[in-house]
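S.K.: Chain by chain, the residues run as shown.
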Amino acid sequence: MVQIDASELDVRAINTRLRAAAERLCENGAQGEEQIVLTNPDARHNLGVGVVHPVKLTIQGSAGYFCMGLCDSPTVHVTGNVGWGFADNLLSGAMEVDGNAGAVCGVAIRDGRILVHGNVGSRAGQVMKGGSIVCRGDAGYRAGSMMMGGVLIVLGSAAEALGEFMMDGEIYVAGAIASLGQDAVQTDLRDGDAEKIADILGQHRVDSPIAPGQFKKFISDQRALRYQEYESGELLFDEAQEQKTEAVTADGNRDVMTFDAD
Amino acid sequence: MCGIAGIVYKAEAGACGRALLNMLCGCQHRGPDSTGLAVYGEATDGLVFRLFLDADLSHDSGNWPARLQRVQDVLCDHTIDIRDTWHDNEFAMITCDQQSGIPGAADIQTISYAIEETPGVEIFSAGYSLHVIKDVGTADDLDRKFDCAPFIGTHGIGHVRLATESDVNPSTSHPFWAYGFNDVAIVHNGQITNYFKLKRLLQQRGYRFRTENDSELIAVYLADKMTHGQSMDDALAQSLDELDGTFSFLVATPEGVGYAKDRIGAKPMVVCETDEFVAVASEEVSLQQILGHQTIPCFEPYPGTTRTWSRSMQASLTSAR
Numbered sequence: 001m002v003q004i005d006a007s008e009l010d011v012r013a014i015n016t017r018l019r020a021a022a023e024r025l026c027e028n029g030a031q032g033e034e035q036i037v038l039t040n041p042d043a044r045h046n047l048g049v050g051v052v053h054p055v056k057l058t059i060q061g062s063a064g065y066f067c068m069g070l071c072d073s074p075t076v077h078v079t080g081n082v083g084w085g086f087a088d089n090l091l092s093g094a095m096e097v098d099g100n101a102g103a104v105c106g107v108a109i110r111d112g113r114i115l116v117h118g119n120v121g122s123r124a125g126q127v128m129k130g131g132s133i134v135c136r137g138d139a140g141y142r143a144g145s146m147m148m149g150g151v152l153i154v155l156g157s158a159a160e161a162l163g164e165f166m167m168d169g170e171i172y173v174a175g176a177i178a179s180l181g182q183d184a185v186q187t188d189l190r191d192g193d194a195e196k197i198a199d200i201l202g203q204h205r206v207d208s209p210i211a212p213g214q215f216k217k218f219i220s221d222q223r224a225l226r227y228q229e230y231e232s233g234e235l236l237f238d239e240a241q242e243q244k245t246e247a248v249t250a251d252g253n254r255d256v257m258t259f260d261a262d
Numbered sequence: 001m002c003g004i005a006g007i008v009y010k011a012e013a014g015a016c017g018r019a020l021l022n023m024l025c026g027c028q029h030r031g032p033d034s035t036g037l038a039v040y041g042e043a044t045d046g047l048v049f050r051l052f053l054d055a056d057l058s059h060d061s062g063n064w065p066a067r068l069q070r071v072q073d074v075l076c077d078h079t080i081d082i083r084d085t086w087h088d089n090e091f092a093m094i095t096c097d098q099q100s101g102i103p104g105a106a107d108i109q110t111i112s113y114a115i116e117e118t119p120g121v122e123i124f125s126a127g128y129s130l131h132v133i134k135d136v137g138t139a140d141d142l143d144r145k146f147d148c149a150p151f152i153g154t155h156g157i158g159h160v161r162l163a164t165e166s167d168v169n170p171s172t173s174h175p176f177w178a179y180g181f182n183d184v185a186i187v188h189n190g191q192i193t194n195y196f197k198l199k200r201l202l203q204q205r206g207y208r209f210r211t212e213n214d215s216e217l218i219a220v221y222l223a224d225k226m227t228h229g230q231s232m233d234d235a236l237a238q239s240l241d242e243l244d245g246t247f248s249f250l251v252a253t254p255e256g257v258g259y260a261k262d263r264i265g266a267k268p269m270v271v272c273e274t275d276e277f278v279a280v281a282s283e284e285v286s287l288q289q290i291l292g293h294q295t296i297p298c299f300e301p302y303p304g305t306t307r308t309w310s311r312s313m314q315a316s317l318t319s320a321r
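Residue numbers (our numbering), protein chains in the order written: chain A, 1 to 262; chain B, 1 to 321.
So here's chain B without its partners, still in its complex pose:
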């Protein structure tokens, strides 16, 4: 199954962490294996890396400080100064100083690939406002470990996972950062059946993948299109033609959140809009968690549709052609 959730605040940043955790608690029955959030805070002037230091699953805690040090060395090699480092066992976060020239997309890809040359290190997210926080276990477990509830953000997406396509571990949890592309993340409920074909195509363009998970493909696939000048709307509309399988997925960038739903409508997703925010979830039971147990005007978008909600709330609707 898997459950997805998303929220976009209309005016000012809101209690994004709390809202997403509550929504994910509400649909934990859809996926007890792992839980994750991709939240967008205030944009900073330096890059933020969220790191996983046990990507080889050796569980050898003695390795972790050395691995973190090697990541810091890589950043130094790329003349990036580190402002702050946070580290809790196998999870770490590095906040970088503002650079004289802000690294562009190509630089971030180069740096990311260089960091991941370090054995056992995986980047969960890189960007100026994106934080991907994910682990095995439930939403409550995630909050206890990372204290994500107080996170104030402009928007974010979340996921509870019932593993069908690959292992249960932090790496294969959602959300997936679009590896190499700053500030892009996705959550997905479904299966992509032309995964290997599309993955090969993207690999031929030089992109790397971290996992054997079909959802990671969606992130890189969309980020590639958006980096080459397409709007999120156009990229989503094309995905209906080019992705094969069942899906309701959410994609998030610093500008907002979008969804695509396959043509058969095999995977659920409901939307509710209030004066303050737009909330999206697999089931209404999640929306009830943030709207206080009332009857809420929510609707299920039609199969074969896409839509985006930008932070300035210029929503646009594209139907299947």
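Excised from the complex, chain A in its bound form:
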């Protein structure tokens, strides 16, 4: 186990040591629990940015803004809270936060999974393109704002403007919804959705407060930030919608649908 005490180091030095330790551990093929432990983080900003090795990292305490940004493949456990922009642009890996997360938690993640045991602030999952975010508490204003893919699961309730201008992806909420954002719509669960929820929660070993089949599902109405008409003018929105519906029926999975404007 590598222990890094943040109290006497500036953030650049902390992150340089973290990345070096991660690289070394992976080269040596080290296995085991808690390979790297960061102590005394004191809610400072930019901790753990740029870790691109599949190591286990525990941050003992709270982290500030942009914690674990630009990471690929680590398994991270933060025992306190995190500030704004947690796990920004995550490519893969697993993130767990025991406390609350600030605004834009999981912004622009491409893949990987994030679990927040407390509440998430405003705009969680903003412009996420893949992966999953699970919030066990309540989600703040505009959760899933402008999301383009992936899955956002809220086990508590969601504040105003849920899914504001979302373009794609899915939001599942167990509790109450204050209001829906523009271009977001509620829809029925499809075949496989309940299994997907159960699977994601299972990965995090989190119990669902309700049966997976009872979650409310929200998707994009795809009218605001999508061209209603392709540049060639060949495919109008309704036609595209029809083709999409057929595609869904054909393979039963929204995510793999593509249609070609040529």
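Check the hints yourself; a few may be wrong.
Unchecked claim - Stretch by stretch, here's where chain B covers chain A in the computed footprint (C-beta under 8 Å, at least three residues):
#1 42-49
#2 80-87
Claimed, not checked - Some residues of chain B that are not near chain A, with every Cβ distance over 12 Å (derived):
#3 Ile80
#4 Ala105
#5 Lys145
#6 Gln204
Hints are computed from structural coordinates only; laboratory data are not their basis.
Quick reminder that beta carbons are idealized off the backbone N, C-alpha and C, glycines included.
Knowing the structure of chain A, use the given hints to seat chain B on it.
M.R.: What follows is chain B alone, placed relative to chain A:
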């Protein structure tokens, strides 16, 4: 950016100066330009004026004693006796004697405006318990210059500034005293975009402004409402509708501290409550400075909300309508 901080002690007065300085040190990265505190000590029976004697930024130290003397003359003209005067270069404090009739809000406004007729003199604060201490530089600089750490107070607010809207000098530093209204101060992180419109409205009601800073508007705007009988809760709730722009701001009166956060949630603010106090700051990193590097239960209030913490801790929550 800018960073804000606030603390309200639940039972007895606490080490308010030290706590606020530590919180501001923790978020100095949000604003290195200037630092300031508005702290509330035990209420006195006489008015206390905190003065800045170089408001014209002439930096001519020869002027300062004469300017202070003129302020003292103005107070004499208003039949106010001076108990004590402290003076360190361009910063001064005058403590007045108890008056036969304690000056009311209208009198304080008249006296304040009269004092500021003196060229180069600016009042940083006036009141029975409020002290506004602010200058360019960091929290450490402020403490070295004014020795604010030992200040014992019931509550207070503080600010580190990254200048975006106006000059960097002591006058445009936060906190802003609500010019003309005793014992009201604010700190603000954000921009008020309907500043000129609201400022004109308030000027038409006879209020004066000292700076071109949008945050000064919030102080006068709220003090005007509270002077006309509104509670702090109501004034804050209305500010969500009437102030345009991005903001997380704190307002302080002798009764306590309140916040308002804009509807988009563009500016951060976290809250932590312990048995002894409620602390508010832009970032958790500030709270860590006073809570001893532990995992603390702090939360970020939702956009479009307001809340007040009175010294008797009857907190109330108002949501955006």
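S.K.: Each hint needs a verdict: does it hold in this structure or not?
M.R.: Here's how the hints hold up against the structure:
Only residues whose C-beta sits within less than 8 Å of a C-beta in chain B count toward coverage, and the region 42-49 of chain A has 4 of them, enough to reach three; the restraint holds. Residue count for the region 80-87 of chain A with a Cβ under 8 Å from a Cβ of chain B: 4. That meets the three needed, and the coverage hint holds. The claim that isoleucine 80 of chain B is not at the interface with chain A holds, since no C-beta of that chain comes within 12 Å of its own (minimum 47 Å). Against chain A, the non-interface label of alanine 105 of chain B holds: every CB pair exceeds 12 Å, the least being about 37 Å.
No beta-carbon of chain A comes within 12 Å of the beta-carbon of lysine 145 of chain B; the shortest separation is about 27 Å. With a least beta-carbon separation of about 35 Å from chain A, glutamine 204 of chain B lies farther than 12 Å from that chain, consistent with its non-interface assignment.
Every hint from the earlier list agrees with this structure, and none is contradicted.
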